[in-house]
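Visitor: These are the residues of each chain, in order.
Protein chains: 2
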Amino acid sequence: MRNFDEETITEAVLERVGQARDPRMKQISEALVRHLHGFIREVRPSQAEWEQGIRFLTGTGHMCDDKRQEFILLSDVLGVSMLVDAINHGAAAGATESTVLGPFYVEAAPEKALGANISDGIDGEPLIVTGSVSSLDGKAIAGATIDVWHSDGDGYYDVQQLEETGGLTMRARFRSDANGKFYFWTIRPAAYPIPHDGPVGKMLDAQGRHPWRPAHVHFMISASGYQQLVTHIFADGDQYLDSDVVFGVKDSLIRMFAARPAGVAPDGRILDAPFHHLNYDFGLTPA
Amino acid sequence: MRNFDEETITEAVLERVGQARDPRMKQISEALVRHLHGFIREVRPSQAEWEQGIRFLTGTGHMCDDKRQEFILLSDVLGVSMLVDAINHGAAAGATESTVLGPFYVEAAPEKALGANISDGIDGEPLIVTGSVSSLDGKAIAGATIDVWHSDGDGYYDVQQLEETGGLTMRARFRSDANGKFYFWTIRPAAYPIPHDGPVGKMLDAQGRHPWRPAHVHFMISASGYQQLVTHIFADGDQYLDSDVVFGVKDSLIRMFAARPAGVAPDGRILDAPFHHLNYDFGLTPA
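Protein sequence lines, in the order shown, are assigned to chains A and B.
Last residue of the first sequence: 287 (our numbering), numbering continuous.
Last residue of the second sequence: 287 (our numbering), numbering continuous.
Hints are computed from structural coordinates only; laboratory data are not their basis.
As the structure is a prediction and not an experimental result, all values here were calculated from the model.
There may be inaccurate statements among the hints.
Identical chains share a label here; the pair holds if one copy fits it or two copies do between them.
[Unchecked claim] Below are the DSSO-like pairs computed for lysine-lysine, each with C-alpha atoms no more than 30 Å apart in a straight line: (1) Lys67 to Lys202; (2) Lys26 to Lys139; (3) Lys250 to Lys139; (4) Lys26 to Lys250; (5) Lys26 to Lys202; (6) Lys112 to Lys202; (7) Lys112 to Lys26; (8) Lys202 to Lys181; (9) Lys181 to Lys26; (10) Lys202 to Lys139; (11) Lys181 to Lys139.
Based on the provided sequences and hints, a complete structural model is requested.
Guide: The structure is reproduced here in structure tokens:
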């Protein structure tokens with residue numbers, strides 16, 4: 001096979017990648033070649049534009065380390081993450097809807113006791129989060145693992161400011177109690193721009209887009225016999241609910257982060273200052 | 001905009017990227033979203049496969065440094081580089097055909113005098129390369145810049161073995177003489193596998209493909225008033241001419257690396273050992 005032109009090159013590459021032993025690898029490779037060549041044939045990049053594309057991908061890779069995942073950001077802002085989420089998570093009645101994982105999940109979040117304050121002294125408005133985990137028919141799920149993480153009141157995650165925070169904070173892992181309930185204290189997160197000092201931020205700017213996400217708390221909930229749920233709960237009234245840069249908002253995931261006066265909190269504690277209260281009851285789909 | 005499903009997400013992202021101020025940025029962004037979402041909708045990746053894709057791109061980025069360009073390799077083995085080349089370089093009569101740049105070009109190659117030996121003591125079979133640079137109507141182009149680079153007899157480039165070679169070698173920049181001619185000595189390059197110890201190598205293996213390229217010498221030729229030419233000259237008879245992993249071979253770019261007995265070489269030198277001779281007369285397209 002030689003002398004390929006603009007049309008024959010695609011068949012040649014398809015023939016080559018079609019040698020894959022694994023049928024799924026063959027399917028993905030062939031689809032990738034067809035769609036990628038279709039894109040190139042449509043936009044007809046100059047040699048300089050191709051080089052710019054190579055530099056963009058290289059720069060995106062170089063921004064990635066154990067605390068920053070620029071390719072996940074890219075997937076998020078191009079709507080790919082939400083598309084993959086939609087493909088994999090149909091919404092059964094009673095099941096909490098899913099949304100993107102985002103780039104700030106950390107596997108080794110510390111396990112804490114129910115009621116713990118996970119803000120570790122970071123400044124902010126107190127927030128108590130309460131909720132429950134149950135099956136689609138409403139049966140409480142005891143011992144579910146509930147991973148939570150969120151930003152501070154300025155919109156930054158712990159991993160973006162490890163020198164200041166001194167370690168992981170505003171993230172923890174809890175277990176639901178015998179009645180499927182959980183609760184913990186933290187500080188109210190704020191809306192924030194995704195990290196936009198890298199290639200993805202430059203792309204957003206060139207596309208005339210803002211980099212903001214509405215305020216939210218991340219949840220990853222796992223329980224034996226159920227599908228893992230990855231989602232957020234968004235703050236009602238946030239100005240970015242309709243223009244989330246990663247297309248992650250669903251109405252069913254919006255709740256009031258309700259302002260409460262000083263006094264008795266839902267867990268019986270007495271607060272001498274105002275606080276906020278977020279409650280969400282999660283429904284898990286059987287595995 | 002909220003509550004996107006598998007179908008509505010694409011329109012939402014198109015609306016967002018359609019805000020780009022620059023019309024070319026808008027066009028490329030919209031085409032990217034359509035083709036990328038089309039790919040995702042066709043292969044329906046699981047969450048785990050999406051993560052594998054993110055890891056693949058991240059690993060590809062991490063392999064890139066100032067001596068290794070894994071994203072160019074990826075573009076090459078998926079036929080994208082040759083497709084972009086075909087889009088940008090029509091073949092005017094008398095013009096030498098182009099092929100891929102490849103990942104081993106170095107901008108700062110040393111300028112050398114015609115007749116120099118650029119192998120700098122690297123072991124190998126002596127090869128004299130002769131040729132000329134002319135316009136489409138056969139007029140000699142004097143003072144053209146001729147960048148050349150190639151592998152050694154084991155298939156490795158200087159930049160892959162800098163500890164052993166001690167610097168740049170088997171690459172140089174020449175100027176054509178008053179008659180448009182050039183010539184230099186080096187060693188015969190060999191067929192070689194592209195670097196396949198990274199993510200691209202793993203992908204090739206999973207696709208059931210070998211990583212080999214037929215033996216060749218790279219040329220980049222520039223002259224005022226003419227389009228820059230990026231091409232290779234391939235060794236006739238090489239076993240990989242029909243299965244070049246980057247789809248770069250064109251019949252017009254194949255020449256004998258002709259075996260010659262000891263004796264008088266084309267530049268008048270007398271050799272006491274056999275050598276090889278490659279000649280190619282290049283034609284440049286007006287700018």
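Visitor: Since the copies are identical, ignore which copy is meant and state whether Lys67 and Lys202 lie within 30 Å (CA to CA) inside a copy, between copies, both or neither.
Guide: Both: 20 Å inside a chain and 25 Å across chains, each within 30 Å.
Visitor: Using 30 Å as the alpha-carbon threshold, which applies to Lys26 and Lys202: within, between, both, or neither?
Guide: Answer is between; shortest inter-copy Cα gap is 14 Å, intra-copy 34 Å.
Visitor: Is it within, between, both or neither when you check Lys112 against Lys202 at 30 Å Cα-Cα?
Guide: neither (39 Å within a copy, 41 Å between copies)
Visitor: As a check of your reading, is Lys26 near Lys139 (CA-CA no more than 30 Å) within one copy, between copies, both or neither?
Guide: Classified as neither; 43 Å inside a copy, 50 Å across copies.
Visitor: At most 30 Å between CA atoms: does that hold for Lys181 and Lys26 within a copy, between copies, both, or neither?
Guide: Neither: 46 Å inside a chain and 48 Å across chains, both beyond 30 Å.
Visitor: Under a CA distance limit of 30 Å, which applies to Lys202 and Lys139: within one copy, between copies, both, or neither?
Guide: neither (47 Å within a copy, 46 Å between copies)
Visitor: First find the shortest C-alpha distance between Lys112 and Lys26 inside one copy, then the shortest across copies, and answer within, between, both or neither for a cut-off of 30 Å.
Guide: neither (45 Å within a copy, 47 Å between copies)
Visitor: Is it within, between, both, or neither for Lys250 and Lys139, if the alpha carbons may be no more than 30 Å apart?
Guide: within (24 Å within a copy, 68 Å between copies)
Visitor: With identical chains treated as interchangeable, where does the CA-CA distance between Lys26 and Lys250 reach 30 Å or less: within a copy, between copies, both, or neither?
Guide: Classified as between: cross-chain Cα gap 27 Å, same-chain 35 Å, threshold 30 Å.
Visitor: How would you label the pair Lys202, Lys181 (within, between, both, or neither) given a Cα cut-off of 30 Å?
Guide: Close neither inside one copy (43 Å) nor across copies (46 Å); limit 30 Å.
Visitor: Is it within a copy, between copies, both, or neither that the alpha carbon of Lys181 lies no farther than 30 Å from that of Lys139?
Guide: within (12 Å within a copy, 86 Å between copies)
Going down the numbered hints, you'll see the structure goes against 2, 6, 7, 8, 9, 10, while the others check out.
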